[in-house]
Amino acid sequence: MPGKGLADMEKNIKEISLRRNNGLSMVDYAIYVVLIGLIIVYATLSPSFLTTRNIFGMLLNGSHLLILSIGMGFVLLTGLIDLSVGSIAYVSVVIAGTLMRDHGVSPVSGLLICLLVGMGLGLINGILIVKLKLNAILVTLAMMIGLRGVGHQITKSLIIELDQSLQFVIIHTVGGIPIMVILVIALIIIAQIVLSQTIFGKYVTAIGCNEKAANNLGINTDFIKIIILLISGILAAMAGFYSSANLGTCLQTMGDGWEFQAISIAVLGGVSLSGGVGKIFPGVFIGFLVMVIIENGLALLGTTFYLLPIIRGLVIFLAMFADSLRVKRAQKIMSY
Amino acid sequence: MSIEENLKLIEIKNIHKQFPGVYALNDVSITAYPGEVLGLVGVNGAGKSTLMNILGGILRPDSGHILIDGKPVEINSPRDSEKNSIAFIQQEIQFFFNMTVYENVFLMNLQDYRKYKYLPLLDKKELCKKTNEYLNMLGCKVDPNLKVGALHIGEQQMVQIARALAQGGKILLFDEPTSSLSLKEKEKLFEVIKNLKEKGDTIIFISHYLDEVQNICDRVVVMCDGKVSGEGLISDMSKERITSYMIPKEIKFKGVKSKVSEEVVLEVENLSGFKKPKNVTFKLHKGEVLGLWGLLGSGRTETIRTILGFDEAISGKVFFKEGNTLKEIKRKNLLKACGYITEDRHFNGLFLAMEIWKNITSSNLKKFASKFLSVLNTKQEKEEGLIYVKRLKVAASSQFSLTGQLSGGNQQKVVIGKWLSKETNILLLDEPTKGVDVGAKIEIQNLIRKLASDGTSCIVVSSEVEEIQHLCDNVIVMNEGNVVAYLSAEEMTTQRLIKECLGKG
Chain A
1 MPGKGLADME
11 KNIKEISLRR
21 NNGLSMVDYA
31 IYVVLIGLII
41 VYATLSPSFL
51 TTRNIFGMLL
61 NGSHLLILSI
71 GMGFVLLTGL
81 IDLSVGSIAY
91 VSVVIAGTLM
101 RDHGVSPVSG
111 LLICLLVGMG
121 LGLINGILIV
131 KLKLNAILVT
141 LAMMIGLRGV
151 GHQITKSLII
161 ELDQSLQFVI
171 IHTVGGIPIM
181 VILVIALIII
191 AQIVLSQTIF
201 GKYVTAIGCN
211 EKAANNLGIN
221 TDFIKIIILL
231 ISGILAAMAG
241 FYSSANLGTC
251 LQTMGDGWEF
261 QAISIAVLGG
271 VSLSGGVGKI
281 FPGVFIGFLV
291 MVIIENGLAL
301 LGTTFYLLPI
311 IRGLVIFLAM
321 FADSLRVKRA
331 QKIMSY
Chain B
1001 MSIEENLKLI
1011 EIKNIHKQFP
1021 GVYALNDVSI
1031 TAYPGEVLGL
1041 VGVNGAGKST
1051 LMNILGGILR
1061 PDSGHILIDG
1071 KPVEINSPRD
1081 SEKNSIAFIQ
1091 QEIQFFFNMT
1101 VYENVFLMNL
1111 QDYRKYKYLP
1121 LLDKKELCKK
1131 TNEYLNMLGC
1141 KVDPNLKVGA
1151 LHIGEQQMVQ
1161 IARALAQGGK
1171 ILLFDEPTSS
1181 LSLKEKEKLF
1191 EVIKNLKEKG
1201 DTIIFISHYL
1211 DEVQNICDRV
1221 VVMCDGKVSG
1231 EGLISDMSKE
1241 RITSYMIPKE
1251 IKFKGVKSKV
1261 SEEVVLEVEN
1271 LSGFKKPKNV
1281 TFKLHKGEVL
1291 GLWGLLGSGR
1301 TETIRTILGF
1311 DEAISGKVFF
1321 KEGNTLKEIK
1331 RKNLLKACGY
1341 ITEDRHFNGL
1351 FLAMEIWKNI
1361 TSSNLKKFAS
1371 KFLSVLNTKQ
1381 EKEEGLIYVK
1391 RLKVAASSQF
1401 SLTGQLSGGN
1411 QQKVVIGKWL
1421 SKETNILLLD
1431 EPTKGVDVGA
1441 KIEIQNLIRK
1451 LASDGTSCIV
1461 VSSEVEEIQH
1471 LCDNVIVMNE
1481 GNVVAYLSAE
1491 EMTTQRLIKE
1501 CLGKG
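Chains as they are written, first to last, in the working numbering: chain A, 1 to 336; chain B, 1001 to 1505.
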């Protein structure tokens, strides 16, 4: 049949092109185009945009989001979701902050306590989702609402003043670069190495790709999922601690809406909501840059305060749209 | 390591496994020798896949032993299975489509490929090299850095086999490996299996394509209803013999004597639709099974749909017996008095998450509802439903099993029961045994015969000559929407049927 031969040929051509770029397409490059476009536009509109002061300020003020997004990246890669990160951050800092203020706990022990609380809460998430087989969205949503209440109960809805010595990491620089920026970039690179070069990372991707197959092959999927949620809890607490130390106080609204910002950064950076696809570096990092640059630029241009949530909403929408395009393409590849 | 040590003999002894509702494996014992391909055949639900899942560590047996080289082993997880050099190549390809070929091949053996002794980093170069080695062994040239999702299905299968070998598999279980392969890919796979066999691996090959089994296997074990029903060298097992082992012994077509009466319950006169049917005229008698036979596209389904008023008719009348007289009936009202079982009943005929009795009564809920506000009398509904479960001999673990737990054949019985509970006298069945296995097919045929002898009239559409010959008292042969012949049971020879349907073309 001549018709069939032609269809076959067409299919072959398509397939070869798909293979050559190994599944990469326009959608994956789009984010870089957006990033460069944003930089050019802002740099021409505002002279202060490309100054080192602004760049480091931007990175320092946004670092908590980057830390959160690393954790969220891992969570999404496993095919899970964690909506409780903002509230975990709040409760962890509230507990550590109260201890530091009222009981004379040193800042270093305070940080440790904060991280331990985050870890414990992440572990609870993990046990509820994995062992009791509850839905991840609902468990973490309940945690998000409930933990916020716990935090307010402890603080009586007041702010907590933190020790000024905590601003050390923000003020000090090494070779002109703030220590915190170096630390965060190191963290993101380590995270990417863990993801792409270690057995743990491969298992995480495998679970996100096809959990049943991973289970059938003998991967301890339950254990890895719990560990991932636990890491997410630790990173959330870390982000909370950093954010509060940066401000010198722990606000009542700290952590509010962080979960969605982290999810949109991760998805903007190419992590798929359906799991198994994505990179921490450059992926999530680029997503982070796009997000903070949009907000920083708007602030520099002096736009109205109310524009910010609108822009955030649009960015989340665009990120999800790009993700759905990616999923569609993946299905197309698979149908060959 | 000597060659001897490399060869693995696997013995499965007295394995039992029960699922809710099904005795999946009943005292199964099988031995597979190194350097041979053992074929495992059986109809759907015979227990083949359950047995393989037990060997693969995905399910646990209720009792029984597995011996490898004479030593009993415990297989409680896929890891245990792997440790005992069993590799399971599953029916649904078990892949991580977004991951690369080398990651898929070595996923479970990554711990052996560290770049540095004290850092847990992986050695990608070494992994790719090894992956290439395995793939070359299988005669498959694929770049290990490609994502598996971008490969052909045939190549994916090779990757899966490579994974089995990389895991140190000496006992390879192939569960219906050819179901999604093209002919060329199939030949390639058989070649690979032959090579592995010569290497001394033990291979168990599951399939329900007997041609494949005869092509590739040295010995064959036939399973039926969770038991081993026959085994032997492939040279001794003809296709007919294997088939006879595959069908449960106790179920045979009974061929109840027909009790066709003179009484006409449905008469169709000169019925024509837009394209098909054309001038169809026939009479259906009480207790008759009337077949509608023809090649694909001969207008059988269209005829039924036109009779029931789903498709528009240009001309023609339908008479239906109400009380004692035969009256003309509006075709749309006919459906209320008839049972109609469509071809695709699995998709739209059942509520799988509901109990069987609820499914049966679902077409006739009015009967159990109160006049005011239509409150259901559940007790009465249940009693009635359970009567049909018994009458139709639906094989379920308990009367309260969910319909989704039943096999395809039993689900079909529930569909029939659903219409029977409407207390209809006429049943129209479109391909009632399509897609069910041999055993269930015969049971359904028996059921239809029994219904007819109890006085229900049936019209059966079927493509299978054998089924028509078994079931029908009379058959209408159709061709391009026309009735070309009306044959009685004695005239229904295969040659005659085919001659009639082609004759006027």
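No lab work stands behind these hints: they were computed from the structure.
Be aware that a few hints might be false.
To be verified - Interface residues of chain A toward chain B, partial, derived using beta-carbon atoms under 10 Å:
no.	residue
1	Ala30
2	Gln192
3	Ser196
4	Thr198
5	Lys202
6	Tyr203
7	Ala213
8	Leu273
9	Pro309
10	Gly313
11	Ile316
In this text, a Cβ means the ideal position worked out from N, Cα and C, and glycines have one as well.
Hint-by-hint comparison with the structure:
no.: 1; hint: Ala30; in the structure: violated (19 Å)
no.: 2; hint: Gln192; in the structure: violated (12 Å)
no.: 3; hint: Ser196; in the structure: holds (9 Å)
no.: 4; hint: Thr198; in the structure: holds (5 Å)
no.: 5; hint: Lys202; in the structure: holds (6 Å)
no.: 6; hint: Tyr203; in the structure: holds (8 Å)
no.: 7; hint: Ala213; in the structure: holds (4 Å)
no.: 8; hint: Leu273; in the structure: violated (13 Å)
no.: 9; hint: Pro309; in the structure: violated (33 Å)
no.: 10; hint: Gly313; in the structure: violated (29 Å)
no.: 11; hint: Ile316; in the structure: violated (23 Å)
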